[in-house]
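Visitor: What follows is the residue order along each chain.
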Amino acid sequence: MRPDKVFVIARREYAIRIRSKAFWLSTVALPVLLLVLMIVPTLLASRAGSSKRLVVVDETGRLGASIVQALADADDGAAQVASFEVFLEPPAADPAGQRADLDRRILAGEIDAWLRIAESDLEEGRIEYHSESVASFLSQTILEQRLTETVRRDRLSRLGIAPDLADGLIAAISLRTVKVTAEGSREEAEGAGFFLAYALFFLLYLVLMIYGQQVMNGVLEEKTSRIVEVIVSTTRPFDLMMGKLCGICAIALTQLSIWLGTVAVLTLPAIVASVAWLPAEVDVPRLEPRLIAHFLVLFLIGFFVYSTFYAAIGAAFNNVQEAQQFAGYAVVLLIAPMLFFFLVIDDPDSTLSVVTSLVPPFTPLIMLLRLAVKAPPAWQVALGYAAATGFAVFMVWLAGRIYRVGILIYGKKPTLKELWRWLRYA
Amino acid sequence: MTDTIELAGIRKCYGDFVAVDDLSLRVPAGGIYGLLGPNGAGKSTTLRMLMDIIAPDRGRILLFGRAREAADQDRIGYLPEERGLYQKMKVADHLLFLAELHGLGRSAARPRIAEWLERVGLADRAGARVEELSKGMQQKIQLVGTVLHEPEILVLDEPFAGLDPINQGLFKELLSEARDRGRTILFSTHVMEQAEKLCDRICLISGGRPVLDGELATIKRELQGNTFRLAADGDLDRLADVEGVESVVFGPEAGARTGARLILDPGATGADVLRRLVEFLDVREFASEEPDLETIFIKAVRDAS
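Just so you know, the sequences run in chain order A and B. Going by the numbering used here, 395 is the number at position 395 of the first sequence; the sequence numbering is gapless. Going by the numbering used here, 717 is the number at position 291 of the second sequence; the sequence numbering is gapless.
Incorrect hints may appear among the rest.
To be verified - Part of the chain B face toward chain A, derived, beta carbon under 10 Å:
(1) ARG474
(2) ALA496
(3) ASP500
(4) GLU507
(5) GLU508
(6) PHE523
(7) LEU524
(8) LEU527
(9) HIS528
(10) THR572
(11) GLU576
(12) SER632
(13) LEU642
To be verified - Label pairs and their computed distance ranges (CB to CB):
(14) B:ALA540 to A:GLN321: 39 to 49 Å
(15) A:VAL393 to B:ALA540: 35 to 45 Å
(16) B:ALA493 to A:THR224: 47 to 57 Å
(17) A:TRP397 to B:PRO454: 18 to 28 Å
(18) A:VAL331 to B:ALA540: 42 to 52 Å
Said to hold, decoys possible - Below, computed lysine-lysine pairings styled on BS3-like, alpha-carbon distance capped at 25 Å:
(19) B:LYS623 to B:LYS598
(20) B:LYS623 to A:LYS21
(21) B:LYS598 to A:LYS21
(22) B:LYS598 to B:LYS646
(23) B:LYS646 to B:LYS623
(24) A:LYS374 to A:LYS179
If you are wondering where the hints come from, they were derived from the structure by calculation, not from laboratory data. Note that this is a predicted model, so its numbers are computed, not measured. Even for Gly, the Cβ is constructed at its ideal location relative to N, Cα and C.
Using the sequences provided together with the hints, build the complete structure.
Guide: Shown next as C-alpha cells:
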C-alpha cells in the first residue's frame, strides 16, 4: 500500500463531494426527511379518525346522554386522534328490524358505525358495536376508553357514590419516567428515550445505505469511464479502493458531525430550558458526547463492513442495473436489524438483544440501539466492537480481492462461480 | 548500456485464447519505439502487462535493467487505449489529480499544468468541466496528464486514434520533443504510416508473437534494392509464381489490379525478374524503391505464418 496515493485519491473523493451542491442539499434535506417520515404518519393517523358518524341506541335510557357528552368532549388530546359525531336514536319496538336498518345505513354510507347499549350486555361488560371496519385500532381504543369511563361512573352512581368522588376513583395513572444512568438519574419525558433510539438507529441505517451506494456508483463510474486504467497504472487497485472508501467515509463523517453537532447543541440544557412547551423539570433526551462517540465509531465499523461490499459489487459488474440487483443482498443485511428493533428497545438485555448485537453485520445498528436505550455491560460492547472490527477488516480484504480483478474486466456479467475464482486467484 | 525496458518470454492467455505468446523485446534508452501490429495482435495486452495492470502468465519484465519497483510507477506515463477521465471534474483540477497521483507536488504541478494547457491550446478551458470538452480535447487533456510529471518512459497505446490530422501533428511534435529530451517512448499503433514517420525502432507483432524487430533504418536498408514498384496490366495474380519473386503486396485500391509491390528473393536481380514479367504482362513501370513499413509488415506477417 502506498499511503501517499491513497491520500491523493481520498482527497479527490472528499473535495469533489464537499464542493457539490448535492452534499449540502442532502445535509439539509435528510434531517427534514427523517423528521417528516417520523412525524407525518402520526399526523395522518390523527387526521384519519376525524369525525366518525356514530349512532347510539340506548335501551337503558340513562347512559345515552353521558356517552354523547363523553365522546363530544373535545378538550381531550385523544379527540385529535379520533372524534365522533354522535346521534342518539331511541330503541325501536322491533330490535331486529332496527339492527338491519342501521346496518343498511352503514353500507349506504350514511353513518360509519352504531352502538347498542343493552342492560344484559352491560352485565357481561360488553357493548355491541357495528361498523364496516372493525380494525380501526385507534378509534376503537378511544371509544372503549370513553365507554368504560361512562359505564364506571354509572355503576358508581348506582352504588350511591357522588359524581365528584367518582371522578377521583376512576382517575388514570401515568408513569413519571426517570432514566437511571451511571452518570446519575434524571427525569425524561416518557417515550423520549424511544424517540432518540429510533432517530439514531434510522440515521445510521440511512447513512450506511446512502454512502454505500455512493461507493458503488463511484466505482462504477471509474470502471465505465475507463479512468481506472490510468489510476491502476500508478497505484495498486487496493489503494484505489481504500482511497475511495476513506474519502467517502471522511465526507460521511463530516455530514454526521454537522448533524450530531447541531442536535447536541440544540439539546443543551440551557437551550432546552428556553423552549417553553416542556415542563421545567422534564429533560428531553440528551445526546451525550459518549453516545455521539459510540455512534461515530459504530458508523466507521459499519461503513467498512457495508461499503466494501458495495465497492466489490461496483467493481464486479458493468452498469448500475446489474450492480443494483446484487446490492440487494447488502440491503437485506442492513434491514434485518429492523426486525429486532422493537424487541431490542423493549428489553435491551434479553438474550436476543445480546446475541444480535454481537453478530458482526448487525453490531453497528443493534449495539447502537442498546447503547441509546440503556448502557450494556462493558464486556459486551468491547466484544461487539472487536468482532465487528475484525469482520470489517475481513470485508476489506475480501472486497479488495474481488475489486482488483473485477475493476479491469469489462463485458459480461460475472457469475457467482467466477466471483469465487477471483477470490482465490493469487 | 542496459535497456530501459526488457520483456523476456512473456505469455498471456485468456482461457484458451493466447493473447501474447513468448514475446521478448528490448527497448533501449531514448528514442521512439513502435509496437506495431494489426488489431488483436496483442499490443494492448503487452502494454498493460508492462504497466503491471495485468500479470503475465509467464516471462519477466525488467525496467531500467532490474525487476519493477513500486516507485517506478512515478517514472512512467501511460496513455491507455481506452481513454477515460472523470467527466464532472474541472480540467485543471483533474490534471492536478493526475499529477499528484504520479507523485508530483501541487505547487510544482500548477505552473506545468498552465504551461501544458497553453501548449495544447486549451488554456481557456482550464475551468471547464471535462464533459464540456470534445473527444479530441479530452484526449489532449489525457495526454497532458500522461506527461505532466515528466516521466522517463512514456507508454502510449494507440495515441493517435480518434484525432484529426492537426492534432495528430501536434501529438507527433510532442513525441519528437520528448525524444529530443532523452525520454524513452514506447507506443503502439496499427497505422503504419504514423510509425514510419516517428519510430527509431520497431517491433512487429502478429498473433501475439513478434515477427520483426529492430532499428527501422536497418530493416529498411536490408530490403532496399530488393523492393520494386510495378505498374502493369494483365494477370497480376500470377506474380507470386514468378521465379525470383519472394512476396507480392497489392495496394489498397479496389477494382482491377494495375499495380503491386514486389519483394525479390535475396539472390534475384530486378533485370531478371523484369524479363520474366514482360512475358505475360504489359509493364508500364518497374522501379526500385525503399520499402514502406506496410510492405515490410505484410511480408513479415506472411513469412511468419
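Visitor: Would you mind marking each hint as holding or not holding in the structure?
Guide: Evaluation of the provided hints:
1. ARG474: holds, 8 Å
2. ALA496: holds, 7 Å
3. ASP500: Holds: closest Cβ of chain A sits about 7 Å from ASP500 of chain B, inside 10 Å.
4. GLU507: holds, 8 Å
5. GLU508: At about 4 Å, which falls below the 10 Å cut-off, the nearest Cβ of chain A leaves the hint on GLU508 of chain B intact, so it holds.
6. PHE523: holds, 5 Å
7. LEU524: Holds: closest Cβ of chain A sits about 7 Å from LEU524 of chain B, inside 10 Å.
8. LEU527: The hint holds - LEU527 of chain B has a Cβ within 10 Å of chain A, the shortest such distance being about 5 Å.
9. HIS528: holds, 6 Å
10. THR572: Holds: closest Cβ of chain A sits about 8 Å from THR572 of chain B, inside 10 Å.
11. GLU576: With a minimum Cβ separation of about 14 Å from chain A (threshold 10 Å), the hint on GLU576 of chain B is violated.
12. SER632: The hint is violated - SER632 of chain B has no Cβ within 10 Å of chain A, the shortest such distance being about 24 Å.
13. LEU642: Hint on LEU642 of chain B: violated, closest Cβ of chain A at ~27 Å, above 10 Å.
14. B:ALA540 to A:GLN321: 39 to 49 Å: Distance hint for ALA540 of chain B, GLN321 of chain A holds at roughly 41 Å.
15. A:VAL393 to B:ALA540: 35 to 45 Å: Cβ of VAL393 of chain A to Cβ of ALA540 of chain B: about 43 Å, so the range 35 to 45 Å holds.
16. B:ALA493 to A:THR224: 47 to 57 Å: violated, 33 Å
17. A:TRP397 to B:PRO454: 18 to 28 Å: Once the Cβ atoms are compared, 42 Å apart, the range 18 to 28 Å for PRO454 of chain B and TRP397 of chain A is violated.
18. A:VAL331 to B:ALA540: 42 to 52 Å: The hinted range 42 to 52 Å holds for VAL331 of chain A and ALA540 of chain B, with Cβ atoms some 46 Å apart.
19. B:LYS623 to B:LYS598: holds, 9 Å
20. B:LYS623 to A:LYS21: Cα-Cα ~49 Å, so violated.
21. B:LYS598 to A:LYS21: violated, 41 Å
22. B:LYS598 to B:LYS646: Roughly 21 Å between the alpha carbons, so the hint for LYS598 of chain B and LYS646 of chain B holds.
23. B:LYS646 to B:LYS623: holds, 13 Å
24. A:LYS374 to A:LYS179: The hint holds at about 9 Å.
In this structure, the earlier hints numbered 11, 12, 13, 16, 17, 20, 21 are contradicted, and the remaining ones agree with it.
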